[in-house]
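*Asks:* As given, the protein sequences belong to chains X and F, one line each in that order.
Mind the numbering: the first sequence is residues 33 to 251 in my numbering, read in order.
Mind the numbering: the second sequence is residues 79 to 415 in my numbering, read in order.
Calculated from the structure, these hints are not laboratory results.
Incorrect hints may appear among the rest.
[Said to hold, decoys possible] Under 10 Å between C-beta atoms, here's a sample of chain F residues computed to sit facing chain X:
id	residue
1	F142
2	W200
3	Q205
4	V210
5	F211
6	E215
7	L220
8	K232
9	A274
10	M281
[As the list claims (entries may be wrong)] DMTMM-like, lysine to aspartate or glutamate: derived pairs with alpha carbons at most 25 Å apart:
id	chain 1	residue 1	chain 2	residue 2
11	F	K232	X	E145
12	X	K188	X	D207
13	F	K232	F	E247
14	F	K232	F	E202
15	F	K232	X	D142
A virtual CB, placed ideally from N, CA and C, is assigned to each residue, including glycine.
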Amino acid sequence: MELAVFREYLPAYARAALATLGIAALGIVLATAVGLVTAVVQYAQVPVARRVAAVYVELSRNTPLVVQLFFLYYGLPKVGLVWGSGTCAVVGLGFLGGSYMAEAFRSGLDAVEPAQTQSALALGFGPALALRHVVAPQAVALATPAFTANVIFLIKETSVVSIVAYPDLVYVAKDYIGTDYNTAEALFLLVVFYLLIVLPVSLGAAALERRVRRAGFGA
Amino acid sequence: MTALHLIPEVAPALAPVAGPVVGPVVGPGADVAAAVTPDAGPAARPAPPALSLRGVRKEYPNGFVALDDVTFDVAEREIIAILGPSGCGKSTLLRCVNGLEPIQAGTIALDGASVTGPGTDWSEVRQRVGMVFQNYELFPHLTVLGNLLLGPLKVQKRAKAEATERALELLARVGLADRAGDYPRQLSGGQKQRVAIVRALMMQPEVLLLDEITASLDPEMVREVLDVVLELAADGMTMLIVTHEMSFARAIADRVLFLDAGQIVEQATPDVFFTAPATDRAKQFLNLFEFRTPTKKTASGRGVGHRGDGARPERQPRGPTPWPSQPTPRPTAHRPS
Ligand SMILES: Nc1ncnc2c1ncn2[C@@H]1O[C@H](COP(=O)(O)OP(=O)(O)OP(=O)(O)O)[C@@H](O)[C@H]1O
Ligand SMILES: [Mg+2]
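With these hints in hand, go ahead and build the complete structure from the sequences.
*Replies:* What follows is the structure, given as structure tokens:
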């Protein structure tokens, strides 16, 4: 491996890392929002919406992200909706991640003792107030490990967005391999940059989980 | 005991009644509603009962009838002990009163106003009817103070300063002034239950429902919780108390309701109920809390509990927690001669 090659590639990888982080962050935010709405709709058993939510979860979890991205990038223009590759990447991650997040939050909600709701109701809380002030805070704590696992999962899932021509790390690596044949250097940098992104997140997640566990919610 | 005023605004007595207002004394089968009505002129209309149940029927979705034609009144400041075997419907009864379980027939009225109509504001009813559970059900993510303030601030929209002052005052009265900042997991069972009682009181209820609030506690913690309830009683709180502490029930209650298989089988003053229960089922039930003196064997060097000769080991009788302030004469009828 040549040091000069690394020096040459570094700026492009750095830009691609930022681009990867950007769609990962937006995708995770979107997935979290979609997951929250889906979980609450299912938990509160909102009449029609919970059916829609159930269909969405099955559709999202049982199709690969690659297929979802193809659909967004090549399929939607057929009905007049043309999105850039960045938008497609974020929406794809949100669509996929939303169902994973929904399951995480739902398991958290289900893990809160029903007696907690009863005791809130007995104090005069309405169902929505009880959910917001009593059940949700405990559910969030209980869902934290599943949530952080999803965050890491979604960051890694960004590695397929190059198939819709989004210039992420994999895109840059493939580009250099295709043009310069510096396969070793290109792949080495790819690994290093993914570790640079994911490792801090993993460590942060572990710390967060420890804090939540120490708080001892639900105990 | 000096009045501790755990209840902020003790409602004025119904009428100029002399002496402590005690619940109506009725025998089994007596018409409670009639007994409640004091003999007063038209000018002093009798106050409606604080709580009134008429023909209440509770059928669970699986078809099980947990309450069948339950009718009784509770006067203001009256304390009712609800006794009965496990599964007879005691918890169900309390849960119906504050609407945690819908009822299928009958009416429930608070201060004479029905709360069983379709337009019932259950949030309002539940603020007026406080409930304390067997397993405390404190909110684990909030401190003691957070537990006490959540309802007043979020449901009743009271001022934080006022509610905090009240919370600290009540905590001091139950001996937990220094625990406001602790989380529930840092408290003992008895302390948790005292916090749960204060949390219910924070909503300024008119009636308090206590469902076996000492049943999960170690014996040495039972007393500290029951003392709080006794203080509430002294302050004039109207209460429905489900308990297996027979001596406590006898000490505190104005009236005992004995429930079996979802029906009120007997109601009487504690003295009558505990000494001369009218029904066989009540007698059988009370027998469960009696312990016959084991026939003493001749003194031998054996330790207690040593099993030999096929004889039963001698055991320390473990009855309900003793209630020393109120010696309970036990019925002698069931003792072996
Ligand atoms: N959700 C439910 N669905 C069906 N049956 C129920 C339900 N809840 C309670 N029951 C039944 O109703 C009956 C009364 O229950 P309840 O909890 O009121 O009894 P209890 O008198 O409080 O008993 P315990 O002393 O054991 O607390 C029991 O036989 C119980 O099995
Ligand atoms: Mg019960």
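*Asks:* Take the hints in turn and mark each one as holding or not.
*Replies:* Status of each hint after checking the structure:
Interface hint status for F142/F: violated, as the beta-carbon distance to the closest one in chain X is roughly 19 Å, over 10 Å. For the restraint placing W200/F at the interface with chain X, the shortest Cβ-Cβ distance is roughly 8 Å, inside the 10 Å limit, so the hint holds. At about 4 Å, the closest approach between the beta carbon of Q205/F and any beta carbon in chain X falls short of 10 Å, and the interface hint on this residue holds. The closest approach between the C-beta of V210/F and any C-beta of chain X is roughly 9 Å, which is under the 10 Å cut-off, so the hint is satisfied.
For F211/F, the interface hint holds, since its Cβ comes within 10 Å of a Cβ in chain X; the closest pair sits about 6 Å apart. Checking E215/F against chain X: minimum C-beta separation of about 4 Å stays under 10 Å; hint holds. Against a cut-off of 10 Å between C-beta atoms, the interface hint on L220/F holds, since the closest Cβ of chain X lies about 8 Å away. With 10 Å as the threshold, the beta carbon of K232/F comes within range of chain X, its nearest partner Cβ sitting at about 6 Å, so the hint holds.
Nearest Cβ of chain X to the Cβ of A274/F: about 8 Å, under the 10 Å cut. The hint holds. Annotation: interface hint on M281/F holds; nearest CB of chain X at approximately 6 Å, less than 10 Å. With a C-alpha separation of about 21 Å, the suggested pairing of K232/F with E145/X holds against the 25 Å cut-off. In summary, the hint linking K188/X to D207/X is supported, as the alpha carbons are separated by about 19 Å, within the 25 Å threshold.
The straight-line distance between the Cα atoms of K232/F and E247/F is roughly 20 Å, inside the 25 Å bound, and the hint therefore holds. The suggested pairing of K232/F with E202/F holds, with an alpha-carbon distance near 13 Å, which does not exceed 25 Å. Restraint check for K232/F and D142/X: the C-alpha separation of about 23 Å stays at or below 25 Å, so the hint holds.
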